[in-house]
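Chemist: If you're matching them up, the sequences are chains A and B in order. Okay, so the first sequence: first residue is 0 according to numbering that gives the first Met the number 0, each after it adds one. Okay, so the second sequence: first residue is 0 according to numbering that gives the first Met the number 0, each after it adds one.
Errors might be hidden in some of the hints.
In silico DSS-like cross-links for lysine-lysine, where the CA-CA straight-line distance does not exceed 27 Å [unchecked claim]:
| hint | chain 1 | residue 1 | chain 2 | residue 2 |
| --- | --- | --- | --- | --- |
| 1 | A | Lys-101 | B | Lys-167 |
| 2 | A | Lys-352 | A | Lys-376 |
| 3 | A | Lys-104 | A | Lys-167 |
| 4 | A | Lys-315 | A | Lys-352 |
| 5 | A | Lys-70 | A | Lys-104 |
| 6 | A | Lys-130 | B | Lys-100 |
| 7 | B | Lys-48 | A | Lys-104 |
| 8 | B | Lys-167 | A | Lys-70 |
| 9 | B | Lys-100 | A | Lys-153 |
| 10 | A | Lys-167 | A | Lys-101 |
Some chain A residues flagged as far from chain B (calculated, every beta-carbon gap over 12 Å) [stated by the list, open to error]:
| hint | residue |
| --- | --- |
| 11 | Ala-71 |
| 12 | Gln-82 |
| 13 | His-89 |
No lab work stands behind these hints: they were computed from the structure. Keep in mind the model is a prediction, meaning the values are calculated, not measured. Where is the CB? At the ideal position from N, CA and C, for every residue including glycine.
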Amino acid sequence: MAEIVLDHITKRYADGTVAVDDFDVRIADHEFVILVGPSGCGKSTTLNMIAGLEDITEGELRVDGRRMNEKAPRDRDMAMVFQSYALYPHMTVRENIAFPLKLAKMGREETQERVERAAGLLDLAPYLDRKPAALSGGQRQRVAMGRAIVRDPKAFLMDEPLSNLDAKLRVQMRTSISRLQKSLGTTTVYVTHDQTEAMTLGDRIVIMRAGLIQQIGPPQELYDHPRNLFVAGFIGSPSMNVVPARLEEGLLRTPIGDIPLRGRLGRAAEGPDVPRDVIAGIRPESFEDASLVHDAEEGGTFTGTVDLLESMGPEKLAYFTLDTGAVRSEHLSEAGGEEAGEECRLVAQLDPKSGARRGQPVRLWYDTQAVHLFHPKTGENLTER
Amino acid sequence: MEAGRRSVSGWTVANVVVVLYAMVPVLWIASLSFKDPSTFTDGSFIPRKWTLGNYAGIFTNADFVRGLVNSIGIGLISTFVAIVFGTMAAYAVARLTFPGKRLLIGVSLLIAMFPQISLVSPLFQIERALGLFNTWAGLILPYITFALPLTIYTLSAFFREIPWELEKAAKMDGATPFQAFWQVIVPLAAPGMVTTAILAFIFCWNDFLFAISLTSSDAARTAPATISFFTGSTQFEDPTGSISAAAVVITIPIVIFVLFFQRRIVAGLTSGAVKG
Numbered sequence: 000m001a002e003i004v005l006d007h008i009t010k011r012y013a014d015g016t017v018a019v020d021d022f023d024v025r026i027a028d029h030e031f032v033i034l035v036g037p038s039g040c041g042k043s044t045t046l047n048m049i050a051g052l053e054d055i056t057e058g059e060l061r062v063d064g065r066r067m068n069e070k071a072p073r074d075r076d077m078a079m080v081f082q083s084y085a086l087y088p089h090m091t092v093r094e095n096i097a098f099p100l101k102l103a104k105m106g107r108e109e110t111q112e113r114v115e116r117a118a119g120l121l122d123l124a125p126y127l128d129r130k131p132a133a134l135s136g137g138q139r140q141r142v143a144m145g146r147a148i149v150r151d152p153k154a155f156l157m158d159e160p161l162s163n164l165d166a167k168l169r170v171q172m173r174t175s176i177s178r179l180q181k182s183l184g185t186t187t188v189y190v191t192h193d194q195t196e197a198m199t200l201g202d203r204i205v206i207m208r209a210g211l212i213q214q215i216g217p218p219q220e221l222y223d224h225p226r227n228l229f230v231a232g233f234i235g236s237p238s239m240n241v242v243p244a245r246l247e248e249g250l251l252r253t254p255i256g257d258i259p260l261r262g263r264l265g266r267a268a269e270g271p272d273v274p275r276d277v278i279a280g281i282r283p284e285s286f287e288d289a290s291l292v293h294d295a296e297e298g299g300t301f302t303g304t305v306d307l308l309e310s311m312g313p314e315k316l317a318y319f320t321l322d323t324g325a326v327r328s329e330h331l332s333e334a335g336g337e338e339a340g341e342e343c344r345l346v347a348q349l350d351p352k353s354g355a356r357r358g359q360p361v362r363l364w365y366d367t368q369a370v371h372l373f374h375p376k377t378g379e380n381l382t383e384r
Numbered sequence: 000m001e002a003g004r005r006s007v008s009g010w011t012v013a014n015v016v017v018v019l020y021a022m023v024p025v026l027w028i029a030s031l032s033f034k035d036p037s038t039f040t041d042g043s044f045i046p047r048k049w050t051l052g053n054y055a056g057i058f059t060n061a062d063f064v065r066g067l068v069n070s071i072g073i074g075l076i077s078t079f080v081a082i083v084f085g086t087m088a089a090y091a092v093a094r095l096t097f098p099g100k101r102l103l104i105g106v107s108l109l110i111a112m113f114p115q116i117s118l119v120s121p122l123f124q125i126e127r128a129l130g131l132f133n134t135w136a137g138l139i140l141p142y143i144t145f146a147l148p149l150t151i152y153t154l155s156a157f158f159r160e161i162p163w164e165l166e167k168a169a170k171m172d173g174a175t176p177f178q179a180f181w182q183v184i185v186p187l188a189a190p191g192m193v194t195t196a197i198l199a200f201i202f203c204w205n206d207f208l209f210a211i212s213l214t215s216s217d218a219a220r221t222a223p224a225t226i227s228f229f230t231g232s233t234q235f236e237d238p239t240g241s242i243s244a245a246a247v248v249i250t251i252p253i254v255i256f257v258l259f260f261q262r263r264i265v266a267g268l269t270s271g272a273v274k275g
């Protein structure tokens, strides 16, 4: 149980590359914090610096108020779960889980008891005498978890622990990690590149890009109020639709219709140094089949031909092509969304009762107040500043 | 199907040729070692008159027995020291970055390539000056020198294949660097270490050049060198039988080693080749 403070931490390698730049986060006791971002954003480096596997170039790492920068990993009392699980192949499951206790010179009986308890918690009891090679991926993952929880550390550090599992198991393990963390109450830092894991697991998300923190906040806040185009594109699946837009007198001209500049859009347009050409972003779920919307007052409509229709069960995803060029921005390409083509595409998440059919035109309603405006150069969210 | 069968028979022929080529001299020596002295020159592959006299002869020869003891002792000590230091050096080469790493690798390669014959005279002079001539240490030192590059090279290849994350995991689990190395890395590198140890031992065991040049009596003379001092029972007689018997005797430990550790060696040579 511990509070972890990363006080303006920077990682600079000998060749001058900066992997993590001025990372400043205070992780509260019991908190579950997710570091998320595309590969190479510095999230694993940050985790390794907390663990002590990499040196901190600048800044201070404090755990419960004590400086940790110079402490060896074993003196930090943190447990880590690796992406590859890093189980010791020459030891049985029991020996693997007991290894941290053996190094801590714990008595045999207590070791035994703790291993059994951890194994019980993770449904590993029948496999205690097997070697890791004889286990399935999910079981190996649980052994790695067991090795982390057995010594009751101050914090769990998890480096993409689920990315080697298949989709279904990943969802299962996600829930059990979440439940385990809640019941143990151990401070946890979790690294992932998967925005779904970030959204579902974390109390708070730290979203990173190129070594810099983009935004910190609870999942819903990041989703509703992305600070910039990168966060907007990264969080949410399918990703936010982005279309080129132009601010004119009292109107926002977009390929999906003109939107009156009222409310937050109006305030955004009046802000200082707002260019005429902006990027408009609107989430797929802000659309609906116009025939299913009774009160179509507050909103715009747009008619398009459905290119592709995916029925997901609880919803339908309709894809459209707009007759305008796609938005190109460095802030989007890194966000991990699908590669933007030449044409501007749009995804709408519709109610399953929608009559939309492939190749047929459909009239869509969208919530004009859910539109975000982004600065085309800086990527800043103009509607959130 | 036809092509497959033809290639199988082709391989069979090739294998038989290679095995015969390798085995005939060995079998010839073995055959000689069982021949009665009167039939050495009869040219028959299978001895006409079997005898164990040659073997009985060499084991009553105190020099040869002493040579065997020297060989085993010197071989084991050299191998042990080479493995201990080689393991540590190989680990450093495989895992750490330190100034002079390339130089170290370069120098050890250089030592492995160095023609040993060119070192014999200087070593002879140095060892005589230092009082190491004709002692176990006088042979162990050069053996370690030449076995180390071999062990460093082979073992660093093994260490490179052990996932680094295991070591990080051990550190996170509370291990000191030495504990991580000893309890996690070494057990995983064990097949590699056995393989390397055998190769190093064979190198020491087989050496003749240093053994003959740096010894003057049976205080440190190893078996291969002792054999060259065999004499016939009279000055008109060649010690063919004893030499053959002794050659067979010193081959046996190697054969046993390899047979015993064969699976280990093969496992060691291929382990980590496939992601497990």
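Chemist: Hints first: check each against the structure and report whether it holds.
Modeler: Comparing the hints with the structure gives:
Taking the CA atoms of Lys-101 of chain A and Lys-167 of chain B, the gap is about 17 Å. The hint holds against a cut of 27 Å. Proposed proximity of Lys-352 of chain A and Lys-376 of chain A is contradicted: the alpha carbons are some 40 Å apart, above 27 Å. Taking the CA atoms of Lys-104 of chain A and Lys-167 of chain A, the gap is about 39 Å. The hint is violated against a cut of 27 Å. In summary, the hint linking Lys-315 of chain A to Lys-352 of chain A is supported, as the alpha carbons are separated by about 9 Å, within the 27 Å threshold.
With a CA separation close to 20 Å, the supplied pair Lys-70 of chain A and Lys-104 of chain A stays within the 27 Å bound. Distance hint between Lys-130 of chain A and Lys-100 of chain B is unfulfilled; the C-alpha atoms sit about 36 Å from each other, more than 27 Å. Between Lys-48 of chain B and Lys-104 of chain A, the direct Cα distance comes to roughly 68 Å. Violation of the 27 Å bound is thereby established for this hinted pair. Only pairs whose Cα atoms come within 27 Å are accepted, and Lys-167 of chain B paired with Lys-70 of chain A is accepted, the gap being roughly 15 Å.
Between Lys-100 of chain B and Lys-153 of chain A the alpha-carbon distance is near 38 Å, which puts this suggested pair outside the 27 Å criterion. The hinted pair formed by Lys-167 of chain A and Lys-101 of chain A fails the criterion: a straight-line CA distance of about 35 Å is larger than 27 Å. Chain B draws Ala-71 of chain A into its interface by the beta-carbon criterion, the shortest separation being 8 Å against a cut-off of 12 Å. With a least beta-carbon separation of about 8 Å from chain B, Gln-82 of chain A fails to lie farther than 12 Å from that chain, contradicting its non-interface assignment.
The beta carbon of His-89 of chain A is not kept farther than 12 Å from every beta carbon of chain B, the shortest such distance being approximately 5 Å.
Violated hints, listed in ascending order, are 2, 3, 6, 7, 9, 10, 11, 12 and 13; each of the other numbered hints is respected by the structure.
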